[in-house]
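Participant: Chain by chain, the residues run as shown.
4 protein chains.
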Amino acid sequence: MTEGRARIAILGASGYTGAELVRLLARHPRVEIVALTADRKAGQSMADVFPQFAPLTLPKLITIDEVDWTGVDLAFCALPHGTTQQVIKRVFESAPHIKMVDLSADFRLRDPGVYEQWYGHPHQALELQQEAVYGVVELYRSDIRKARLVANPGCYTTTAILPVVPLIEAGAIEPDHIVIDAKSGVTGAGRSAKESLLYAEVTDGMHAYGVGSHRHMAELDQEYSKAAGRTVVPSFTPHLIPMTRGIYATIYVKTGAGVGAEGVHRVLADFYKGEPFVHVLPLGQVPQTRFVKGSNMAFIGVIKDRAPDRVIVISTTDNLVKGASGQAVQNMNLVLGFPETTGLEQIALFP
Amino acid sequence: MTEGRARIAILGASGYTGAELVRLLARHPRVEIVALTADRKAGQSMADVFPQFAPLTLPKLITIDEVDWTGVDLAFCALPHGTTQQVIKRVFESAPHIKMVDLSADFRLRDPGVYEQWYGHPHQALELQQEAVYGVVELYRSDIRKARLVANPGCYTTTAILPVVPLIEAGAIEPDHIVIDAKSGVTGAGRSAKESLLYAEVTDGMHAYGVGSHRHMAELDQEYSKAAGRTVVPSFTPHLIPMTRGIYATIYVKTGAGVGAEGVHRVLADFYKGEPFVHVLPLGQVPQTRFVKGSNMAFIGVIKDRAPDRVIVISTTDNLVKGASGQAVQNMNLVLGFPETTGLEQIALFP
Amino acid sequence: MTEGRARIAILGASGYTGAELVRLLARHPRVEIVALTADRKAGQSMADVFPQFAPLTLPKLITIDEVDWTGVDLAFCALPHGTTQQVIKRVFESAPHIKMVDLSADFRLRDPGVYEQWYGHPHQALELQQEAVYGVVELYRSDIRKARLVANPGCYTTTAILPVVPLIEAGAIEPDHIVIDAKSGVTGAGRSAKESLLYAEVTDGMHAYGVGSHRHMAELDQEYSKAAGRTVVPSFTPHLIPMTRGIYATIYVKTGAGVGAEGVHRVLADFYKGEPFVHVLPLGQVPQTRFVKGSNMAFIGVIKDRAPDRVIVISTTDNLVKGASGQAVQNMNLVLGFPETTGLEQIALFP
Amino acid sequence: MTEGRARIAILGASGYTGAELVRLLARHPRVEIVALTADRKAGQSMADVFPQFAPLTLPKLITIDEVDWTGVDLAFCALPHGTTQQVIKRVFESAPHIKMVDLSADFRLRDPGVYEQWYGHPHQALELQQEAVYGVVELYRSDIRKARLVANPGCYTTTAILPVVPLIEAGAIEPDHIVIDAKSGVTGAGRSAKESLLYAEVTDGMHAYGVGSHRHMAELDQEYSKAAGRTVVPSFTPHLIPMTRGIYATIYVKTGAGVGAEGVHRVLADFYKGEPFVHVLPLGQVPQTRFVKGSNMAFIGVIKDRAPDRVIVISTTDNLVKGASGQAVQNMNLVLGFPETTGLEQIALFP
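Residue numbers (UniProt numbering), protein chains in the order written: chain A, 1 to 351; chain B, 1 to 351; chain C, 1 to 351; chain D, 1 to 351.
Fair warning: there could be bad hints in the mix.
Since the list can't tell identical chains apart, any single copy or any two copies may satisfy a pair.
[What the hints assert, rightly or not] Think about it this way: if two alpha-carbon atoms lie no more than 30 angstroms apart in a straight line, the pair counts; the simulated DSSO-like pairs of lysine-lysine are:
hint: 1; residue 1: 273; residue 2: 60
hint: 2; residue 1: 41; residue 2: 226
hint: 3; residue 1: 304; residue 2: 99
hint: 4; residue 1: 146; residue 2: 304
hint: 5; residue 1: 273; residue 2: 89
hint: 6; residue 1: 304; residue 2: 60
hint: 7; residue 1: 304; residue 2: 194
hint: 8; residue 1: 41; residue 2: 304
hint: 9; residue 1: 99; residue 2: 194
hint: 10; residue 1: 89; residue 2: 254
hint: 11; residue 1: 89; residue 2: 304
hint: 12; residue 1: 254; residue 2: 99
hint: 13; residue 1: 146; residue 2: 194
hint: 14; residue 1: 273; residue 2: 41
hint: 15; residue 1: 194; residue 2: 60
hint: 16; residue 1: 273; residue 2: 146
hint: 17; residue 1: 194; residue 2: 41
hint: 18; residue 1: 99; residue 2: 41
Calculated from the structure, these hints are not laboratory results.
So that you can see chain A by itself, here it is in the shape it has in the complex (with noise of 0.2 angstroms):
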């Protein structure tokens, strides 16, 4: 490492997620960005992609294949679903020295069939599979420690298990009546130029989109029936709303009889006491998006629904942040030995 600091690679350096981990890693104090790569946008630098980065210096976007991983020590994986276990795959069979956190959906499936059901096609990398840690850092920390792959999880996924687990685990609630009514902002969606995406289509309306479809519900099925022992099917709907950043879930679970909004929110509560990134609001405080929009926190409510035994459950992150990158960077610290706080310290940019 150059003077000291831990030598950087991102691959997909010219998405969101990928503008995001530069943002993140550039005032880093333990990391050095070596190597940023865009097939497509090879040659270009990053501040013809991002005039952001303008006043900062950067290495050039270059292609996969001219990256010199002997001066690599972590790389971040931000490349579309499918084709990144088949990159990973690479960089390990020539450089097995490499750390890597993958911000895509190829590793966070355990099951090899689960896998093959919701992708349509057998995985390319069974081992990898098999050896990589799921990067939710509240449950998994110990072992993602001592990880070489780490599969960052999803932004839906993330919010959705932070606090859901936990109650799971705790015996809490009944976990075959969860109700997950998620909503996105827009660059959930990545920067991929598609008519839906449009300023026009987006702005000042809403609705739902993936209904009883979408992929991450592999994720939650995965890590709800883990908590479970046993298999659990939750219900889970998302929205896009006509935000840019922020994931919004409002979930409705039923409680074990006398445990209530205080027994759920003591469950969280002291689940999460000592957590840098996850506050619980007091019992009956609603979170807003706002509150976390730029930081790597998840802020978490409780609230009393009207019958007794219902529950209302709010969690919200910054599907950039807590959601992808800043979770990436919080998985690189525990990777590389560094304080799982450095270089996350931000607070939500409001207003």
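Put chains B, C and D on the given structure of chain A with help from the hints.
Facilitator: Only chains B, C and D this time, still in chain A's reference frame:
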């Protein structure tokens, strides 16, 4: 009536629903606006308050006390909750010939005890409360035709009643398992200068509010319970979305055995066949608020959830049109014996 | 004409201006839409492409080659620049009885050399170019009544021509000192899936574009120079604003001696007195795009600057209505001999 | 200073600029926030007012009178215009050791007569007015280092001074032909609950305001005239844009003979070479507000107009950072002898 046009007064013309009434009625071929009131802005022209009306010829804003009731056939009342019941009582006492369409919540609840419970004081016009007809046209059309006082329903409730009441009545769903995750545009909160409604506090983010306490729940309880023949208490969580207009209700229901999404869809498609202002999309299609913005339409979609007995019903309206002023004009058309769609033919403004 | 209604075709019905034509014409009492074309979406229904039209009965989308021209009285052409001139030439050859209102830029410039200079290729239909009438109704009304081919002007140009041409003609301002700082909503760029038009790239920020190179300048030069009787080359800088609809032109002018803001205001107020779609505000009042959204109005304001001979003239329109489809319908009304305001009475949708 | 950190008070911490100061200072390694005042919200915690700060440890909100000045090294004053001068006078009287960075307009104008003309009353602290240093760091750096009271400049003025003053000083442009068309995000107006700042009144549309009367013009006149050595009175028109943050100034200038866009660009590129917070883009590139959102950067672009002697200079800042709290921290760094960029390294949050 001048030239055969009904003479219309709008009480509370300086708010958003008042302006929306003017927008709709200014082009209505069977009516003439003869009085516009706004106590605090009396003396100003509508064009001072809403410059988009500058090209129209409209009466000046006056106080309610200045209205000459002998020259009025029907009045829309767009005043705050609470004062409305006193104003309407007084108007009827001095001018019993008047027809009234009230956009406040004052006459929506039939049970005086329920009113007192939700609004914190006894109703001040109990006889009128009993006389009032609840103005969901598609459910109470024949009563509305004979009514002197129509209680125009709330925006959330219109949106959540239209898709659910026919399902309860048909026995297609279990009334005890209804979860309504509702999202609203900002104009639902009116034109009051509150910090929480400032642009910088609302844009590019979202949050729930009034969880477990929103007063529209009383209307839902009333209509759902009436349909079920017993007390029904749905879960209802409203959210504030950065959009000007639009209510979007994602409703999670549990069907009876063998009903499924197809059965739910069939009930709704049959029930609303021929209705001019309710459009049931083909099974599996998801509505958007954009489809109804500026129009009097409700769009309803029915989507299968993953479990066979769970169905997601989505309903959307423009809160200022079908959720307020448009439905009020629809009610007026019935009360005055005009064709129901007169003046309401405008298609959504998209993009 | 069926039942006395003119039979209308819309070429290019799947774009925003096409949809806006359908919105306006569907409620127009003197016309019937008999053909809708969209080459790439032929075979679909308009409701597939724009679900807000689901409640209407409309012809299916077909290709231009499938149109039966014998059954068409007038066609709107909302096709891309360049191909338009060839399509219209071909239609006129096979169906000379057709009237055409063209929304592209192809027939707006009278001088073939200027066309070639700005568009990079010789015009392919020179005779039609000479025949076409430039469709700013308020300036060319009598010519439009007799026209077979109307070149509907651009949105920026309509907005900047209306307030300035009468001032140049009256000698009230110095033609060599006109600075037009123009701002546009996003729909001005159409419904094409480009990265630069994505929600996340447009919302909550702004920028200039096409500085010194925007093609609408050629139209401005043409009309300003015609008014001045000599070459006029204004400064014109367009900006992209996070709003769906709306053009806002802040125009800095220098008046002749003794004219001042009062003189400028008097010229415009006199010129547009009695015009149904141009509203000149009282001196000193500032228009907003909100006053015209969804309507065919232009609002014009005149404000004193600090120096006595400098005046700020502000003009605003909805780029899809007065700046495109509304003005096109206004032109159609003239061409077909209907009252000019028919079908265009809608007031702005605010809020 | 505790542990070598400077002890900082923020007067007026419940507004947007106050919150922005907390955001920036909370991560500043050389300071400690020891007092936060908000007279009307005294007793509450910052997390009550701005929940994004809940994870931080911050002092409670108190009244100004409750501040213990002996424990304060430097105070930021984010109070309303007018009362500020009295508060600061009083603080200096009782605690002359304090350094002050004032974000109000009270000490920006050097000429007492000009102050009285624009603000309608004589200045209440004339000696301090003479002592205050105008805090555009790039112009007055050495004076600021020695200052006790810094008058932090306005957001519009910072944005319009940075690109224009060097051009006037270099004789590159004609001072009598400067037209500034300025656009602002909504937070420039603060957190006051006014109807005109409601979401529904601001979103999806735009308008000019304060045309010919905006008080920031006085600052522009002062600095432009100082640079020119004679009175300069630019045209300045502010507009309200539906965005949270951002100032965008499109400035039309006339160059001296033979200067042109190249000459203008060269002057600015030379002047700002090495400046950490002003980035001059390559000639012809257009800045966007997005490049600076959340950061302390100003981006400047220079573009040729069509006429050879006319040039368009575009400047953009985040009104809450470089236009207010960020520049205030930059001033604090100078006053306290810290490296100028400390705590201000954050890159723009985009998307």
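Participant: Hints first: check each against the structure and report whether it holds.
Facilitator: Hint check:
| no. | hint | result |
| --- | --- | --- |
| 1 | 273 to 60 | between (42 angstroms within a copy, 22 angstroms between copies) |
| 2 | 41 to 226 | neither (41 angstroms within a copy, 46 angstroms between copies) |
| 3 | 304 to 99 | neither (44 angstroms within a copy, 42 angstroms between copies) |
| 4 | 146 to 304 | neither (40 angstroms within a copy, 42 angstroms between copies) |
| 5 | 273 to 89 | neither (38 angstroms within a copy, 45 angstroms between copies) |
| 6 | 304 to 60 | between (53 angstroms within a copy, 29 angstroms between copies) |
| 7 | 304 to 194 | between (40 angstroms within a copy, 26 angstroms between copies) |
| 8 | 41 to 304 | between (51 angstroms within a copy, 28 angstroms between copies) |
| 9 | 99 to 194 | neither (33 angstroms within a copy, 35 angstroms between copies) |
| 10 | 89 to 254 | neither (43 angstroms within a copy, 45 angstroms between copies) |
| 11 | 89 to 304 | neither (48 angstroms within a copy, 38 angstroms between copies) |
| 12 | 254 to 99 | neither (41 angstroms within a copy, 47 angstroms between copies) |
| 13 | 146 to 194 | neither (40 angstroms within a copy, 43 angstroms between copies) |
| 14 | 273 to 41 | between (44 angstroms within a copy, 28 angstroms between copies) |
| 15 | 194 to 60 | both (27 angstroms within a copy, 24 angstroms between copies) |
| 16 | 273 to 146 | within (24 angstroms within a copy, 46 angstroms between copies) |
| 17 | 194 to 41 | both (19 angstroms within a copy, 16 angstroms between copies) |
| 18 | 99 to 41 | within (25 angstroms within a copy, 48 angstroms between copies) |
Hint compliance for this structure: hints 2, 3, 4, 5, 9, 10, 11, 12 and 13 are broken, all remaining hints hold.
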